[in-house]
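Chemist: Single-letter residue listing:
2 protein chains.
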Amino acid sequence: MSDAEAPIGVFDSGVGGLTVFRAIRRRLPEESLIYLGDTARVPYGSKSGAAVTRYALACAGILLKQDVKLLVVACNTASAHALDALRDELDVPVLGVIEPGARLAVERTRTGTVGVIGTVSTIRSAAYQDALMALAPGLRVHAKACPLFVPLADEGWTDGGIPEAIARAYLDELKELGIDTLVLGCTHYPLLKPVIREVMGPEVELVDSAETTAAVVEGVLEGIGLAAPSGNIPSFQYKVTDSPEAFADVGARFLGHPIDSVEWVDF
Amino acid sequence: MSDAEAPIGVFDSGVGGLTVFRAIRRRLPEESLIYLGDTARVPYGSKSGAAVTRYALACAGILLKQDVKLLVVACNTASAHALDALRDELDVPVLGVIEPGARLAVERTRTGTVGVIGTVSTIRSAAYQDALMALAPGLRVHAKACPLFVPLADEGWTDGGIPEAIARAYLDELKELGIDTLVLGCTHYPLLKPVIREVMGPEVELVDSAETTAAVVEGVLEGIGLAAPSGNIPSFQYKVTDSPEAFADVGARFLGHPIDSVEWVDF
Numbered sequence: 001m002s003d004a005e006a007p008i009g010v011f012d013s014g015v016g017g018l019t020v021f022r023a024i025r026r027r028l029p030e031e032s033l034i035y036l037g038d039t040a041r042v043p044y045g046s047k048s049g050a051a052v053t054r055y056a057l058a059c060a061g062i063l064l065k066q067d068v069k070l071l072v073v074a075c076n077t078a079s080a081h082a083l084d085a086l087r088d089e090l091d092v093p094v095l096g097v098i099e100p101g102a103r104l105a106v107e108r109t110r111t112g113t114v115g116v117i118g119t120v121s122t123i124r125s126a127a128y129q130d131a132l133m134a135l136a137p138g139l140r141v142h143a144k145a146c147p148l149f150v151p152l153a154d155e156g157w158t159d160g161g162i163p164e165a166i167a168r169a170y171l172d173e174l175k176e177l178g179i180d181t182l183v184l185g186c187t188h189y190p191l192l193k194p195v196i197r198e199v200m201g202p203e204v205e206l207v208d209s210a211e212t213t214a215a216v217v218e219g220v221l222e223g224i225g226l227a228a229p230s231g232n233i234p235s236f237q238y239k240v241t242d243s244p245e246a247f248a249d250v251g252a253r254f255l256g257h258p259i260d261s262v263e264w265v266d267f
Numbered sequence: 001m002s003d004a005e006a007p008i009g010v011f012d013s014g015v016g017g018l019t020v021f022r023a024i025r026r027r028l029p030e031e032s033l034i035y036l037g038d039t040a041r042v043p044y045g046s047k048s049g050a051a052v053t054r055y056a057l058a059c060a061g062i063l064l065k066q067d068v069k070l071l072v073v074a075c076n077t078a079s080a081h082a083l084d085a086l087r088d089e090l091d092v093p094v095l096g097v098i099e100p101g102a103r104l105a106v107e108r109t110r111t112g113t114v115g116v117i118g119t120v121s122t123i124r125s126a127a128y129q130d131a132l133m134a135l136a137p138g139l140r141v142h143a144k145a146c147p148l149f150v151p152l153a154d155e156g157w158t159d160g161g162i163p164e165a166i167a168r169a170y171l172d173e174l175k176e177l178g179i180d181t182l183v184l185g186c187t188h189y190p191l192l193k194p195v196i197r198e199v200m201g202p203e204v205e206l207v208d209s210a211e212t213t214a215a216v217v218e219g220v221l222e223g224i225g226l227a228a229p230s231g232n233i234p235s236f237q238y239k240v241t242d243s244p245e246a247f248a249d250v251g252a253r254f255l256g257h258p259i260d261s262v263e264w265v266d267f
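Chains W and X, in that order, give the protein sequences. FYI, the numbering for the first sequence is 1 to 267, going by this note's numbering. FYI, the numbering for the second sequence is 1 to 267, going by this note's numbering.
Because the hints were derived from the structure by calculation, they are not lab data. You can take every hint at face value.
A few chain W residues that don't get close to chain X, going by computed Cβ distances all over 12 angstroms: (1) 66; (2) 88; (3) 107; (4) 180; (5) 190; (6) 202; (7) 220; (8) 221; (9) 229; (10) 230; (11) 232; (12) 253.
Distance windows between CB atoms, simulated: (13) X:126 - W:168: 29 to 39 angstroms; (14) W:165 - X:202: 20 to 30 angstroms; (15) W:26 - X:126: 40 to 50 angstroms; (16) W:180 - X:87: 56 to 66 angstroms; (17) X:197 - W:160: 18 to 28 angstroms; (18) X:126 - W:50: 35 to 45 angstroms; (19) W:138 - X:161: 33 to 43 angstroms; (20) X:256 - W:180: 38 to 48 angstroms.
C-beta: ideal position from N, C-alpha, C; glycine also.
I would like the entire structure built from these sequences, with the hints used as guidance.
Modeler: See below:
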């Protein structure tokens, strides 16, 4: 296998990163992909930067054993904390989801008042806030942690009165602050898009980084000459650190189609 | 230090086991206690039995290094999966919270129709259902996983419209089944007692295993002659595998008083 035929590695704390996996697969259908969900240690969003970095390095180690040519950190919390450590340690390019998401938000905002929602750990890291201000120093950024959104999405409660009441409890203050763009800074949140849109209203743009991250992956692979050769027949693998069955069930909801086979890996 | 002066070890996936820790401290004020919260790998309730057992053995190993004379598994999910493995591996008595909770429910029920709520992993293990049926084979047992209760309690959303709507979504079916006793099969759930009582009504008895577990601890220590000597001046230690600061903040809510000092331990 040439380097260009090697797979792209995508990892997340659990199942949410499949939204990014799917976007890469759609945009780059000839690329082989390996997904790793760290389901034995999920969620990362309530944990410290030190713990998240330790887990991210362990996940990267598992994927590098599969000779991935590029690593995508599909988890916002891991992108917020572990990107520098991963880049220091690894010999392959490492891409996160925060910079692409921030870039898209800066492109989309008209008024310069942007909201960011994410896990407690992501918001506390200020990684989005820093990335947005670096791209557009005049921006007004309002950030809010929404810890119940991940369990809601995992539970499949994505519409109806309860998710809407929870979304209002978190988001009303962002709406009142007059944001015109809201970054969905967690890979689970796209599943709650209808409820978030209902609360924020049609005039607020919802930005999720899956598509933009896929575009960045494409650009980097072309830039380093490692895009899969035309006509390449790709393979897709799914690995988890805890129960494969549980992952296959919930993962199908994220991917929009059943998952054939999931492999357990020790960590 | 004599064996009788040695501390009791109490561990949980995170902060919830402090409800059990507090009950033991109240009942046995001369016993030294060491609490370990496995906050780097919390929650256990969504994970497989194999993963939970692995973590429980690791936690027990940390506490045994402190020469504990008895180990209390304060986490319902760990009690459901790991009790046999812990008893096989360890030389000290190991007590879980499920058998005491089941025993109390059997004492309290008048109609023989009992409900159990807990994490997905606890309910799926059927540990409560088995313990209840072993104690009273004629019982009718209805079990229900309530995965959003833990994040609600962690978030501090323990009263008001949202917790009540979520409690109704989970518990209405148990109410309709005519249970007269409901086992709160997760150490987080006592924080939601007012909302659970509101939904279930005053005629349904809510059973939580903290007090009964403390009584079992007392009985076992007396039985093996390792109760702390009268006049013993106890010490209390708190250890966690992730951020001590986060634990101290939330833990104070569970204990009802501030926590002086929390130590990080590697795992």
